[in-house]
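Order-wise, the sequence lines are chains A and B. Be aware that the first sequence starts at 1, since it is given in our numbering, and climbs by one per residue. Be aware that the second sequence starts at 1, since it is given in our numbering, and climbs by one per residue.
Source of the hints: derived by calculation from the structure; they are not laboratory data. All C-beta atoms in this analysis are idealised placements derived from N, C-alpha and C, irrespective of residue type, glycine included. Some clues are possibly wrong.
To be verified - Once the Cα atoms are required to be at most 25 Å apart in a straight line, the calculated DSS-like pairs of lysine-lysine come out as:
| no. | chain 1 | residue 1 | chain 2 | residue 2 |
| --- | --- | --- | --- | --- |
| 1 | B | LYS217 | B | LYS184 |
| 2 | B | LYS15 | A | LYS264 |
| 3 | A | LYS246 | B | LYS184 |
What the hints assert, rightly or not - Chain B residues, not near chain A, derived (Cβ > 10 Å throughout):
| no. | residue |
| --- | --- |
| 4 | LEU17 |
| 5 | ARG78 |
| 6 | ASP128 |
The lines below spell out each chain.
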Amino acid sequence: MTDLQKEKKKEKGSDKIAINIQGVDFLYGENQVLFDVNLDILEKKVMAFIGPSGCGKSTLLRTLNRMNDLIEDSRISKGKILIQGTDIHDKSVDVIELRKRVGMVFQKSNPFPKSIYQNVAYGLHIQGIKNKRVVDQKVEESLTKAALWEEVKDRLNENAYGLSGGQQQRLCIARTLAVEPEIILMDEPCSALDPVATGRVEELILQLREQYTIVVVTHNMQQAGRISDETAFFYLGKLIEHDKTKTIFLNPSKKQTEDYISGKFG
Amino acid sequence: MTTYIENNLENIRSKFLLMGQFATDSLQIAMESLLEGDIQKAKIVRKKDEEIDNLENELSASVTSHLSTHAPVATDLRLLVSTMKASHEIERIGDEAKAIARRSKNTAIHDFNKIPEMGEIALDMIRDALSVFAEFDEAKAKNIWTTDLEVDQLNSDNMSFCQDLVNQDPTSASSIFEMLFISKSLERIADHAVNISKEVVFMATSRDVRHAKEFKKSKLRKKSLNTPK
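Same shape as in the complex, but just chain A:
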């Protein structure tokens, strides 16, 4: 079987929907930033959100684990977002439980001012897991999955701020993984990293997609091309085009998409 045939078989094999976004309008006060967004995000695939600044991609990402709840007077005014059939903006949904299932990694690495170990164990302690052996094991597992264990295993008790930028970002990924999420949201996870650290995080994303559904916001077109299975292009709050990444970067159907990814926008 050729590589192309294998790829086609793999593409056919998995099309379970992890997140179902239905006709979502979103407002900050009176300012509408998302307009009737409809999008299915597939399970155990990487979805990249691309588009110029202010197009609503980060807002949409934050609606997926209700991070926008923290912003006053922001709301979904129409439509809904379903994860495994549950409307996650329904009043009955436990937001803490939702954010455990839908973890998030931010643009700038934000480790806690604690040791490397405590950073990863933090979420476990919040969950009430006290058994040291269980916590130790989870910390090792998470750091290993985040491709950081080998680099930090001998200095787990050192302050996380002593790590390089790239290591701090992978630590944040490990902290997210420790609470065993189903979905990981990443908001420009490499924008503050050098090319080597970026390469490691991208490599990690490619490994993690075997187990997790990942949604990445990125301004780096080549990164979207390298790491994602599907890409969605947003402009002025609207989803302009969504397709397999290969299609978007080889033959997008909309001129706006073509102009944006080719750097001919405006």
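Please arrange chain B on chain A, whose structure you already have, making use of the hints.
Chain B only, in chain A's frame:
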């Protein structure tokens, strides 16, 4: 106002078309050299081939530089990839034309059977492939693929013709073989024109038709037999 990127791409497009023009001229002159027995013209073809080779090098360098510095995608990427590949086909046409011109010196045969006709058709095919590159026309591209069948048939006729000639006069065998090689060169040139047009289809539509079953020669042949003339 055109951007730096657009200028770059336009420059690459123009280089390709210039290569194509040189290859067309080359074949035209090679055929004249053969049919008129004009040895001087063979020299012009050799010179043209050098120019084609230089242009291919320039075009490759421009494409590589653009790929490495601009990381193009979508239409731009397809243009670069297809042009680079198609430029190799043009370079091969130049080589075949040079071979025809070189062999024209060694053949003492006066009846070229189907070779003049093959030359005309091959020239039209290259011109059509270049015109499809300049302005995409899928029907015209497909027409090149069916015309290729005619060239194959003419090549096959030439083979039988040469076989008969050898039987009649075995002492002229070396001249006859030259003629056979010339016929084969023209058949290859037609194939290169087909390959260029297939690259252009990818460039314009992103469909890779190079090995598509429906466009294989056997299928096209069957289809053309079933189509009433």
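Consistency of the hints with the structure:
no.	hint	in the structure
1	LYS217(B) / LYS184(B)	17 Å, holds
2	LYS15(B) / LYS264(A)	23 Å, holds
3	LYS246(A) / LYS184(B)	40 Å, violated
4	LEU17	22 Å, holds
5	ARG78	7 Å, violated
6	ASP128	24 Å, holds
Checked against the numbered hints given earlier, the structure breaks hints 3, 5 and satisfies all the rest.
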